[in-house]
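Let's have the full structure, built from the sequences with the hints guiding it.
Respectively, the protein sequence lines represent chains Z and E.
All the letters of the first sequence, read from the start, carry residue numbers 1 to 68 under our numbering.
All the letters of the second sequence, read from the start, carry residue numbers 1001 to 1165 under our numbering.
Please note that the accuracy of each hint is not assured.
Said to hold, decoys possible - From the structure, some residues in chain E lie toward chain Z, with a derived Cβ separation under 7 Å:
| id | residue |
| --- | --- |
| 1 | Val1035 |
| 2 | Leu1036 |
| 3 | Ala1037 |
| 4 | Gly1039 |
| 5 | Phe1041 |
| 6 | Gly1044 |
| 7 | Val1046 |
| 8 | Ala1049 |
| 9 | Ala1052 |
| 10 | Ile1057 |
| 11 | Arg1144 |
To be verified - Each computed DMTMM-like pair below joins lysine to aspartate or glutamate, with the alpha-carbon atoms no more than 20 Å apart:
| id | chain 1 | residue 1 | chain 2 | residue 2 |
| --- | --- | --- | --- | --- |
| 12 | E | Lys1061 | E | Asp1155 |
| 13 | E | Lys1104 | E | Asp1136 |
| 14 | E | Lys1061 | Z | Asp40 |
| 15 | E | Lys1104 | Z | Asp35 |
| 16 | E | Lys1104 | E | Asp1131 |
| 17 | E | Lys1061 | E | Asp1086 |
| 18 | E | Lys1061 | E | Asp1131 |
| 19 | E | Lys1104 | E | Asp1086 |
| 20 | E | Lys1104 | Z | Asp40 |
| 21 | E | Lys1061 | E | Asp1096 |
| 22 | E | Lys1104 | Z | Glu63 |
Honestly, the hints are just simulated from the structure, not real lab data.
Quick reminder that beta carbons are idealized off the backbone N, C-alpha and C, glycines included.
Here is what each chain is made of, one letter per residue.
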Amino acid sequence: MSAAASRGRAVSSAVGVYVLVLLVLQVFLLTVAVDALLGDDPGLAWVAAGCSALLAAGSLLFERFVKG
Amino acid sequence: MTDVPVDPPKWRRDFPYTSGGEDEVTRREFTRYLVLASGTFAAGTVAVAALASLRPINHGKPQPIVALDDVPVNGTHLFGYPTKDDPAILVRLPGDELHAMSQKCTHLSCVVYYRPEAQHMVCPCHEGVFDARTGDVVAGPPQRPLGRIDVEVRDGVVWALGAQS
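Pasting the structure below:
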C-alpha cells in the first residue's frame, strides 16, 4: 500500500471516529431538549436543536473527506 | 495430470470480491449511515423543541386553597394546582409570609417536603434542597427552581392566583 493510500485510510478512519463523537454529542443534546420540554423551557430546547443541527451539518461536511 | 494455474476471468479481476465480502460495509457507507443518524437526531431535537414551543402551559385559574387559620405558622398545606393531579405545597413562614410552589422536584419529579427548622424544601430522592421563599435551588442535583404559584389572602382564605412561568 502506498504512503498516500495509507494516509487516506487513516484520514477516513479519523473522520469516522469524529462523526461518531458528534453523534454522541447529539444524543446528549436530545436529552437536554427533552429535559427542557418537561421543564417548560422552549428557549433551551431551541438552543439544543440549533446545536444539534449544526453538528449534523458538520457531520455532512466531514463525510466528504472519507475515501473508500 | 498436473494442475495448470488458470488466470481468473476478467469479471473476477474487475470485481475481486467473494460472496462473503459482498455484505461488507465500506467506510464511506458506514460514515453515511452515521451522517444519516446524525440528521435524524437533529430532526428529532428540532421536533422536541417545536413541541416545547407549541405545548400549552396551564398556568391555572384563581381558586381558593384553604383558610389561613388552618395553616400553622412554619407549617404547610398540601393541595393540587393548577389541576388536582399537580401536587403543590403552601408554606406559612414565621411573619405570616405565604409561599406556594409545585411539589414536583425539578430534577426527577419526586415530591418535595418542607423542612421547618431550615425553612427549606427538600427532595428525599437525591437530596435536592430548595429555598422555601423563592423556590431557588440551594443544594443538590436540581438545576431549576421549583415552580412558583402566586397566592394572596382574601377574607381569611388563601387563594392561588396562577402558576408562574
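Check your understanding: Any of the earlier hints contradicted here, and which numbers?
Key -> 2, 18, 21 and 22
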